[in-house]
Each structure stands twice: as structure tokens, then as C-alpha cells.
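S.K.: Here is how the chains run, residue by residue.
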Amino acid sequence: MEKTSTDALPLTVNSLEKQEAICIFGTGDFGRSLGLKMLQCGYPIVYGSRKPWMSSLLPNGAEVLSYYEAAQKSDIIIIAIHREHYDFLTKLTEVLSGKILVDVSNNLKINQYPESNAEYLAQLVPGARVVKAFNTVSAWALQSGALDASRQVFVCGNDSKAKERVMDIVRTLGLTPLDRGSLLAANEIENYPLQLFPMWRFPLYLSAVLCVFLFFYCVIRDVIYPYVYEKKDSTFRMAISIPNHIFPITALTLLALVYLPGVTAAILQLYRGTKYRRFPDWLDHWMLCRKQLGLVALGFAFLHVLYTLVIPIRYYVRWRLGNITVTQARSKKENPFSTTTAWMNDAYIALGILGFFLFVLLGITSLPSVSNTVNWREFRFIQSKLGYLTLILCTAHTLVYGGKKFLNPLNLKWHLPSAYVLALIIPCTVLVIKLILILPCIDKTLTRIRQGWERNSKSALNGKTDI
Amino acid sequence: MEKTSTDALPLTVNSLEKQEAICIFGTGDFGRSLGLKMLQCGYPIVYGSRKPWMSSLLPNGAEVLSYYEAAQKSDIIIIAIHREHYDFLTKLTEVLSGKILVDVSNNLKINQYPESNAEYLAQLVPGARVVKAFNTVSAWALQSGALDASRQVFVCGNDSKAKERVMDIVRTLGLTPLDRGSLLAANEIENYPLQLFPMWRFPLYLSAVLCVFLFFYCVIRDVIYPYVYEKKDSTFRMAISIPNHIFPITALTLLALVYLPGVTAAILQLYRGTKYRRFPDWLDHWMLCRKQLGLVALGFAFLHVLYTLVIPIRYYVRWRLGNITVTQARSKKENPFSTTTAWMNDAYIALGILGFFLFVLLGITSLPSVSNTVNWREFRFIQSKLGYLTLILCTAHTLVYGGKKFLNPLNLKWHLPSAYVLALIIPCTVLVIKLILILPCIDKTLTRIRQGWERNSKSALNGKTDI
Amino acid sequence: MEKTSTDALPLTVNSLEKQEAICIFGTGDFGRSLGLKMLQCGYPIVYGSRKPWMSSLLPNGAEVLSYYEAAQKSDIIIIAIHREHYDFLTKLTEVLSGKILVDVSNNLKINQYPESNAEYLAQLVPGARVVKAFNTVSAWALQSGALDASRQVFVCGNDSKAKERVMDIVRTLGLTPLDRGSLLAANEIENYPLQLFPMWRFPLYLSAVLCVFLFFYCVIRDVIYPYVYEKKDSTFRMAISIPNHIFPITALTLLALVYLPGVTAAILQLYRGTKYRRFPDWLDHWMLCRKQLGLVALGFAFLHVLYTLVIPIRYYVRWRLGNITVTQARSKKENPFSTTTAWMNDAYIALGILGFFLFVLLGITSLPSVSNTVNWREFRFIQSKLGYLTLILCTAHTLVYGGKKFLNPLNLKWHLPSAYVLALIIPCTVLVIKLILILPCIDKTLTRIRQGWERNSKSALNGKTDI
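So the protein lines, in turn, are chains A, B and C.
Take the first sequence: its letters are residues 83 to 549, numbered as in my numbering.
Take the second sequence: its letters are residues 83 to 549, numbered as in my numbering.
Take the third sequence: its letters are residues 83 to 549, numbered as in my numbering.
One copy or any two copies: either way a pair holds, since identical chains are not told apart in the list.
Calculated lysine-lysine pairs in the DSS-like style (CA-CA distance at most 25 Å, straight line):
no. : residue 1 : residue 2
1   : K243      : K155
2   : K415      : K313
3   : K373      : K467
4   : K526      : K191
5   : K415      : K314
6   : K495      : K313
7   : K467      : K191
8   : K133      : K173
9   : K495      : K314
10  : K467      : K516
11  : K467      : K526
It is worth saying that the hints were derived from the structure and are not from the lab.
One chain only, chain A, in its complex shape (with noise of 0.2 Å):
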């Protein structure tokens, strides 16, 4: 700017019209984080604190004055001060009367007061127009600048006019406003950084005890049970064998548990004759974390990939194949080669590798970047048929690698069936259930159903014209 002689033209003096100073009250990290920023976007900023005079490491150019000095100097106030300690505001009600106040607090629990920070201080401060934002920035990103233009800012407020102008200060600074609506949002804003993967945890506490009885079986089965009738030592079992054990057969259950609530929903769509009554909570809750279980089965089938990959490495099967090498070396006896075996070895290797391959595929499309580009028709087309396609051949790659031993009495230790058995039975519920859904008689009752039509009304016609 220096260099353009603006001083004749009254047109550039337009340009310093956006730069309305804002004031920001609290001299905290957070404060100074934010103030920095908006330097450096170009607003003129006013710190207001308790003791101006004591105030160190501000952004240069920044001024710092009294809260009511600095409070004159702009229309918008941003309050980076903790909840405890807004009740100094109500003695400049005043001065604050028609301002615009950002608040940017964050609470240490979740619910920690019976109402909002933001709405406590639009009762402190009846005159203000109160307006919440910038909570889900941390002060350390803002001084960074490792900021996506994605990064969401939730603004909200009940008026309208002081919240846009907030909104387009979030645009200036390169982060995304998103407007949640009144005053009412700000509980759930306040909330959201105090988060911690909640639609997670189901899928991992699941997992999780899935994987805790599934070691203990194998641990029986594999070292106990040789332990006690053959005193062998097989404690080095757990380190690979038994995981390797572990983690395919969670992988397939989860998946499994992704589409079930998809047949469970259809049968009760169908037995209700409406698409029209809620499912029950536990249903609803299920369906939406059907992306999060997807994806920590995928997790277990990686770990699975990685764990089968590296068995030729291994001492103990490198051991274990030399020593039959050198017994048939010595024994002079020929080892006849089986088409059978070599077919349902190869088939079962390969049903896993395609299997995994399109699951990987459906991970990859789960990424919020890709699943924006693909339109509502192509992201169904992925996550259904796609999604069941691997289902199938994940289960069918089980069943293979059972092959003939499967349900074997022989294999049974304890009464104890070998462990891949019991991941085949969620998997092949849910293919037996949507095999019978996708009969032509039962999927038009469906169809029908979804597309609004209801077995016991007279509104049936009302889906046929609205949408």
C-alpha cells in the first residue's frame, strides 16, 4: 500500500473500511493466538485487559488499554476470559450495549454448567448480541498456520446480522464458518471439542471383548491343551499364531455387524408393513456407526494380511517345513503331489486377496474427501453391493481355508471347535437373511414399502406424488 499514492484517490479509501478494529478482552494464549491472526488478515486489534500495564509478548501492533477503554474503540469484542470470570462484564454493560460478543470459551467436561457459556454471558450482558464461535480453533493452529480451508468454525447466535459479520471475519482469517442456527446451538458447540471419538467407541469396546474371549479360546485350545496332554511348550503361540487367529475372525464378525443392521431394518420394515415408525435406539444407533465398525474390521484384516504375510519368515515354520524336508530327505519316500490340496489352497489365498482388495477399496472411498466426490447413487453402489460382494468373499474365503476339516470331530479339542468356525456365524446369517430379502416376492413387498406405500393406510397414494 505504501507504494500507491492513494491520497488523491477516493476510491482506495474505501479499502480501509473492512478494517474495522476488533477488540479482544483476555491478554490469554488464546487471545494472543487469535489477535495475531487477525493482524495479520489486516484488522486493527484492541486488547482490553485488567492490567494493561503488565501485558507482555502481545502481536506487535496490537494496542492494549483498559477493558472499558478498549471496549469504546470496536463493535465487536471478542471475550477470551474463562466463564468463572465474566462477571466483571456486567459492570460495563453499558459501554457493551449493542456490541457484538464472540464468545470463544470452552468448558472442561461435557455439560459442566446447567446453560451454555454463551447464553450464561448473553444474561450477564442483556444488551449485547451475543454470538459463539471459534471454540473448535486451537490457539496453537492459529499461531502455526497449520489451518486446512476446511476447518470448520460452528458460529452461532440470535442475531442475525452481528452473527454474518462474525462469519465473514472467520472467512478472512481462512477457515470455514458454519452457521448452526441460534443461541440454543451453542451447548452442543461447546460440547463438541470435548469430544472423544464418540461414534468409536462402540466399535471398539466391541471389539475389543470380541478379541479378549477370542484369546482366551485359542489360549485353550492351542496352548493349554497341548500343554496338558503332550507337555509342549507352545507359549510362543501368542505372540503370532494366536493373533493371526484373533484378528481375521474379528475382522469378518465386524464386517458382518456392518450389514446387519440393514437386514434387521428391512425385516422390521417388512413385519411393520411401513417405513414410517422409528426403529427402536439401539437400531438407529447401530446403523450410524456402520461406517466406524467397517473400518476397524478393515483394520483387523490389515493386521491379518500382515501377520499371514510374514509366516514364511518365521523361525518356527522355516524349523518346521526344514525338518519335514530332511525326514522325507531320509525316509526315501516320495511326497505325491495333490491337484485337491494345491486347488483349495490356492482358492482360499485368493478369495482372501480379492476379498481384502475390495475392502480396501471400500476404506479408501470412506475418506470424507472421495465419498464427496461420488454422487448419492455411486457412494450406495460402493458401500452396498460392493460392500456385500466382499462380505461374500471374505466368508467364502473362511469356509475354503476349513475345507474338508471343517466340523471335523478330529478337530475338536475340549469339545472345542477350531476358532474360524465361530466367525462364520454372523457372516452367514446375514447372507442367508439378505439372500431370502432379495427374492423377488419379498424385495417388491420392500421396495413398495420404502417408496412410501404402507399396508395398513389410505395415504399410500401420497408417495407416489411427493417426493
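Got chain A; can you put chains B and C on it based on the hints?
M.R.: Quick look at chains B and C alone, frame taken from chain A:
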């Protein structure tokens, strides 16, 4: 809000200004879901229905009135009705005059009607301001809240103020509006949700054709030939060995086909002496689906890696290696170590790994969210420089794999060379042409052409002044 | 539109209001592509050209006039001309007065001129309102339609209304405008497209140096040493064995270097007794490129995994294992099974797999689209907790791999220890320091400092009131 004493304050009265009522015609699935979402975001909702007394399961808080009454209550009317039933709107022409009608409808087929639904609606109710929006969002996504901020809502319309208001609503719902211009764009917007991977068709069909051809080629060489001459049953090779020939060949061919249109275009530009003549349509289309070609190639490369890594686990391989060792042990002969074989073997494996690694890098950078964080220069560096390096490494991998037996007449079966020889044709062609194109004399001419120079033109200077 | 009878309706006349004509000076490649795109989005386009009668291949529907005539037709003029040829604009000062000039130019080098092109333009035509925009978008992307909604267009300018209008056009073209403030930002915006991975340089150079050093270290130990003492040709080891030493060491070292700046910063804060003093520049820069360091480390880890998994396919390994078995078969000696070896071997493999799995998880969550869907707490949980767990697992993997032979004098060759011993230096240092830092007494002080407490300050209370 209940907690704030708003009655005394003229300021917060503004807060209700945004909460303009929205009217929804039609109580179908989509109408209900959209209404519920809007209610949650603070908009009062009025439903218009043929039989308002019969409506069930509408979201709590929504009013249901006759079409006429509902239309009176709001400026913005969402027409959640199938196009076939739009006729009744002609009776409401008066009350709809000047109002914003939002067409959310979709068709069952691409280009089902001569004009788009939104244009048809504008014809039916000429006094209304029609805006097309929301047709790409699914009822399920609205209901379940499975919406990302970047989920795009295409908006178009002839009245910019009407469009702006609809886009504000879209933003408030947490969606991203995308202005696509005038109502002429409605046709394209209505076709969008009906598409099923249009850019992926050519790559997928092409790779399917390649795979089928290679499958028969390999079956003839590896299954039928040994059966005819040695009566050996090698059908089990169809599970892993033959796919592991097909996949790498398809991957390498497709990867080369990613770079073939680029060199073809360069030759065409050199021949024509200008870049200002359109390429033939097939070349344009080919260039637009290079990313998809590359990703399909990456899929096949991934399968090739998995199929290769499971080799030592296979029964057939273990049986064969065991037999070789047994024979050697019995024969009392030494098996001397060949440094050349070790070199060749390790080299082609290492080349393959490095090629695959770069290929995965290329794939990751083609993810939308990653490619958006790099600038144009970085994107071209990756896709062009790293891309060619990948092609070179993968071609070298195949060449060294062939090694000494490459084109050896002893490897011909029924005059057919090994399948991998076929894999080299296109990659080597592309690399040779590229090598010629980067010769200084040719590269200089090409660069001048690409900067706007024309061989037979006086407007050559243009290219130097203008960008 | 043709199908609607608009003539009778005053309302739809508004519909043309958006369709303000846009003028483009310059008919070069970018000018044409931008004009075509704008035409498609419904803007009438007028080209300004030195020789309007000579222009070829301009998009259909665009008018071509002299500069003067074209400028008269529109409020917004896009200057698609190289900076070197801006001079002629001084002659048009009058007609350009008050108009919006959009500077779309780029330079060939970073900081090529003392002032940015946009500032230079503002100096040349002082009466115009200059806005910088579109310079990050390529002509090819505009032509081919390969544009994502999140493709960012940086916009800056001194006149906020002019900027707003340009941003509206950007949005209509389906791009995302990003307001970067006043024209002072033009310099940065013009440098942006010229950057080539600035954040990746340090990690890549560092890993290159590490790799070269380790290569020579390993060649001395594994190739030259055996050649000198046993006259054995081990050069073939350079293809796979030696890289498979280099890659894991580099990966582990880089991973530790991701966490070293964090503990260094903590020590510095503890020593200074405040967090309000800037870190040295090198530490700041190091902290900003931790993500890139981690991703490069992940790349090396990925290579290590692939190089390890191919081990049993290698000719050398098969030859060696075959020979061992043959020798054993002939010698009539038993090869007793060692449970300890099995344990150690399986444990280091399992630790490696789990470490790699968590490492991949870290990599996936650092994808922009994934990290945008988690809140700050979740992001820190992953990058800090899971990150340290990964480092612990990978360090343990290396320690157990070393096992009993770790620092065994017999493994020294020319006094050089095995390469993996070098890999442990930095990771173990980081882990030991971290362990000390999380001792309750030290952790408590550190937490207080990070909440704003200062050892030698009275303003300690500040940190408790303000955020």
C-alpha cells in the same frame, strides 16, 4: 433462549428475522427429512398437502395446511413433489406469484424429459422465481446427519436474489452451496445424481477386455499346452499363478496408457505447429480419464503385490521347493551359488518395490484432499516427473524379470511368447517417444508451441504478451 | 430460458442482473480458458486485444474489441497479460478509472520484482480498484473441468466491495475464494504457485543424507569387510539386503525426530520457567515440519515392510535355506527346537507389525480430509498418544531384533557395530527424556507453565482468567 430475558431488548428481536418460515409442498420422504433438518436449524416449517388432515409422522413443530394456505405463509416454497404431479400448481399461480419456488426433484433416467424439471416448473408458474437445489442430497443423509460440510448442493436459477436466499438456507443446514449459474444448468444438475461413475467406464471396460484376453492367452500357454504335451493337470494355476501374470501386465499397460495421450498430443502439436487447434474428441476424453486409468492400474499393481507376497505360503510352492531340496540331498550334488542370478533376482524385486512405492505415492496425491493442498507446479511435478519415473521403474522391473530368457525361442509355446513380453510393448513405445520428445531440438520447438507460438501465423507475438 | 415467456414478467428481468459482462484483456491461453469457463457460467465476455481482427480460437459467444472499446463495456476487467506489457494500460487510465482490475499474473521466480504485479498495476492505474485473483488456477484445469470445489482461489485487494464482487465470480465458477486481506498479500499470493514443496525439503534432505551415510556404513560392513577377509563377492546385497538395513533405520530415526522437538521445547520451557518466550527459529521450523518428517518416515517404513516380505522369494534366501536343510539331512543330526528363539523371533515380528499398523493409522489421520473431521482433542490424542505408542513399539521391535547379539563384540567389524545399533540412539534418547518429563513432579510444573504460569512473574494470574 428461554433463559434470556429478551422481552426488554429491541436488539434481540432481530434475532427472529432469520427465522423466516419455509413452506414445503409434499409430505413424502424427502419433504419430511428436509423439513426436520430445517426445523433443527431454526426455521419454522409449514407443510402444504393435498389432505393435510391425513399427514402422519411429520416432524414435531411443523404445521400442515392446504397448499393454498401454506403458500401464503412463506416466501420460499420447496416443491417436494414428483414432476408428473406439478400440474396442480397452475391453480395456485396467483398466490405463488413473486415467491421463490425451489425445485428439488430428480428423474429416473438421464435426459428423461425434453426440458429440465425446474424449467418446466418455471413455465407452469411464470410469476414465480424458480431455483433448482437440494436434488443431490439424499433423504437418508439428511435424516441420519451423515453430512459433511463439503457435501455440495448445486444451486441454479435466473433470479440472483432468490438464489442467494436459497444458498443462505443451504449454508445454514451445514451444506455447501455451489452456484451453477442460470436455470439452463438445471438439466445438468438433474442428471448428476443419476450418473454411475461415467469417468471410470472406459478404464474399467478396457481393463476387463485386457484381463479376459490375457486370461485365455495364459490358459493356453500354462494349462492347455502342458496338458496336451505332458498330460499334466495344471488347472489349479488359474487361482493364483495365472492371475499373477494377468494383473501386472494389465497394470503396466494401463500405466503406459496414462502417458500415451500426453505424447500423442505432443506429436500432434508438433505436426500441426500450433496448440490452438482442438484435439480429436477421443484424445480429449482419453486425457480427461487419465487419473482413473492410473488408479485402476494401481489397483492391479496392488493385487500383483499381494499375489506375489503369498507365493511362499502356497502349498504348490512349498511342495516344489521341498522336492528340489530332497532331490539335492539325495543326489549328493552341490548347488553352487550364482552371483549373477542373485543380482538379477534381487534387482527385479527391488525395482518392482520401488516402482510400486512411487505408484502408491501417485495414488495418494490424487486423493482430492491431498491434491487440493498442493499448488499447480507441485501437482505437475508429482504427476509428470514421478509418474514417468514410476513407468520407467515398472518397465525395468519387467525387463529384468525377463532377463536372459527374454524372447528366448525355448520359451515359445505354440509360437506364443511369455505373457510378460506383451506387457512391454506399450510402455517401451511410450518411453521411446518420450525420450525423442525431450531431445533438446524437439523439446525447444514444443515449448515454444505450448507458449503460444504458431508455425504458420503472424499472431505469434500474442503468446508473448498475453497469459 | 428461451422456453419461458419472460417478456411479460418484471420479476425475471432481475435474472439478468447477475449477468454483468466481464472484460478480459489479452487473448493468451489463460485468457481464453478463463473466458470460456465464465461464458459457460453465464457471464457475457468481451475480449480486449491489440489486434482484435486477428484473434483466433476464442470461445464462441465472446466479443473481441480493442482495449478501449472492451473496457467501456464492463465494470470488471481481467488483465490476462504479462507484467512486462502492463505499460499500455497507462494510456487507458481514464476509461479504467473506478473499474475493477483483476490481476491474474504470475512471475517466473519467487520475489522476481521489488513489488508484486498487482501493486505495480495499482501504481500504473491509480484510479482503478485492483484485485489479485485466479493466479493459482491453471489454464489446463479450467479447460478440462478438472476442478474440485475446494480448489482455492486466493483473493486480495484494498477495496472490499471490488473484492466481494470478484469473489462472487469465483464462487459462480465453482471455485472457493479465500480472502487474504489487502493488496499487501499479493506478493505472497504470487509466490505461492512457484513453491515446490517448501515444507518437505528439510525432511527429504535429511533422509537423503541419512540414507547415503548408512549406505556407505553398510557397504563397508557387509560388502567390503567380507571381501577383504573372505574374498566373498557380496555386491548383490546392495539391491535388497542393504536397503533393508537403511530404510528401517532411517524410518525409526525420522520418527524419533518428530518427537524430539516436542521434548526439546518442554525442556526449554522448564528451563526458562515461562512459555511466553519465542523458541529459536530452528526449533519453530522443526516443529512446523513434523508432519512431513513423520510421513517421510512412514514412506521408509513402508519400503522396509515390502523389502522384508519379499525375503522368502529371493533366490539367495532360498539357496541358503535349501543348503542348510541339505546339510542337515546329510549330517544325520537333529535340529532341536528352541522356544526362546521362537519367542524372540515372533515377538520382534509382532512388535514390528503392530508398530507399522499404528504408523499407517497416524498417516491416514494426517490426510487433510480426515484431520478436518476430528476435533482438536481427538487430533492431539492420535498424534501424541498413538504417536508415542508407535515410537515405543518400533523401538522395541529394533531392540528385540537385536536381542542377545546386541553390542556383542563378535558382531563388531572393524570396530563398527551393526547398523541397527545406530538406529536406537535417537529413539531411546527421546523416550528416556519423555519418561523423565512425565514424572509427576516435573509434569506438574510443565502443565502450570503451559497454562500461563511464569516462574519469575507476577502476572501469573493472567493465565487463570484469560483463555
